[in-house]
Amino acid sequence: MAPLLALRQLRKQLLPTILIIFSHMYVRMLWNLVSVATCLVKAVQQVSVNLMMAVLVVLVVQSSGAQHPYSYPPMPYEFRYGVQDKYNGNDYGHEEQSNGDSVTGRYYVLLPDGRRQIVSYTADHQRGYIATITYENTGVHSGTHGDGGNIFGILIHRSTYIGASDSSLGHQTQAHLLPYG
13 MAPLLALRQL RKQLLPTILI IFSHMYVRML WNLVSVATCL VKAVQQVSVN
63 LMMAVLVVLV VQSSGAQHPY SYPPMPYEFR YGVQDKYNGN DYGHEEQSNG
113 DSVTGRYYVL LPDGRRQIVS YTADHQRGYI ATITYENTGV HSGTHGDGGN
163 IFGILIHRST YIGASDSSLG HQTQAHLLPY G
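Numbering (our numbering), first residue to last: 13 to 193.
Treat the hints with care, since some could be wrong.
Claimed, not checked - Restraint ranges, calculated between C-beta atoms of paired labels, are given here:
1) Q58 <-> Y38: 47 to 57 Å
2) L63 <-> Q109: 46 to 56 Å
3) V59 <-> S83: 36 to 46 Å
4) L71 <-> A135: 19 to 29 Å
5) Y89 <-> S60: 18 to 28 Å
6) M41 <-> L63: 48 to 58 Å
7) Y89 <-> Q58: 50 to 60 Å
8) A135 <-> Y93: 17 to 27 Å
9) Q21 <-> A55: 48 to 58 Å
10) N62 <-> Y38: 27 to 37 Å
11) I130 <-> Y84: 26 to 36 Å
By construction, these hints were calculated from the structure, which means they are not laboratory data.
Ideal placement from N, C-alpha and C gives every residue a C-beta, glycine not left out.
Let the sequences and hints guide you as you build the complete structure.
If you want it as structure tokens, here you go:
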């Protein structure tokens with residue numbers, strides 16, 4: 013019985029130490045499990061982030077393809093300016109307006125012979141640029157300027173000027189921009 017009693021006595025003395033050792037091992041095991049779980053969560057998050065980035069890259073590449081050319085919405089505008097300097101003889105101006113699809117406008121200049129040259133124009137995607145040139149007032153000289161021609165890609169249909177000292181007869185010219193090629 014003495015050995016049994018000695019064993020019980022030893023157990024009573026060692027039990028707190030054994031419990032401390034086992035609890036320390038249990039805490040260590042739990043800590044390792046938490047560390048492993050944390051690493052797994054981080055790995056899953058990283059895979060999720062990488063997967064989301066890959067999906068995002070695929071979507072961006074797919075959406076940036078040139079299936080449809082980008083076009084700007086119609087942008088209406090209007091402007092005008094004019095200069096009239098009687099001292100130096102400058103008299104010119106320009107006005108233009110657009111509804112976003114077509115452009116209309118006119119510009120003018122006082123020529124050295126006293127005539128005012130006015131270019132009225134329209135431009136759109138169907139007909140292109142069409143200009144009409146008119147002159148106001150009487151010029152110093154009279155004569156004809158020929159039947160027109162092709163100057164820098166602009167086709168001049170007909171241009172005639174008749175000037176007289178007391179009459180303000182004039183001429184009208186139409187110009188169309190020719191496509192190059």
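Status of each hint after checking the structure:
For Q58 and Y38, the Cβ-Cβ distance of about 30 Å falls outside the hinted range of 47 to 57 Å, so the restraint is violated. The supplied range of 46 to 56 Å is met by L63 and Q109, whose beta-carbon atoms lie about 54 Å from each other. Between V59 and S83 the beta carbons are some 41 Å apart, a value that agrees with the proposed interval 36 to 46 Å. The hint said 19 to 29 Å for the Cβ distance between L71 and A135, and at roughly 40 Å that hint is violated.
A hinted range of 18 to 28 Å is violated for the C-beta pair Y89 and S60, which are about 50 Å apart. Evaluation of the 48 to 58 Å hint for M41 and L63 yields a failure: the beta carbon distance comes to about 32 Å. Range check, Y89 to Q58: Cβ separation about 52 Å, and the 50 to 60 Å hint holds. Judged by the Cβ atoms, the range 17 to 27 Å given for A135 and Y93 holds: they are separated by roughly 19 Å.
Our hint of 48 to 58 Å for Q21 and A55 holds, since their Cβ atoms are close to 51 Å apart. One distance hint, 27 to 37 Å for the beta-carbon pair N62 and Y38, holds here, with the actual separation near 36 Å. Between I130 and Y84 the beta carbons are some 31 Å apart, a value that agrees with the proposed interval 26 to 36 Å.
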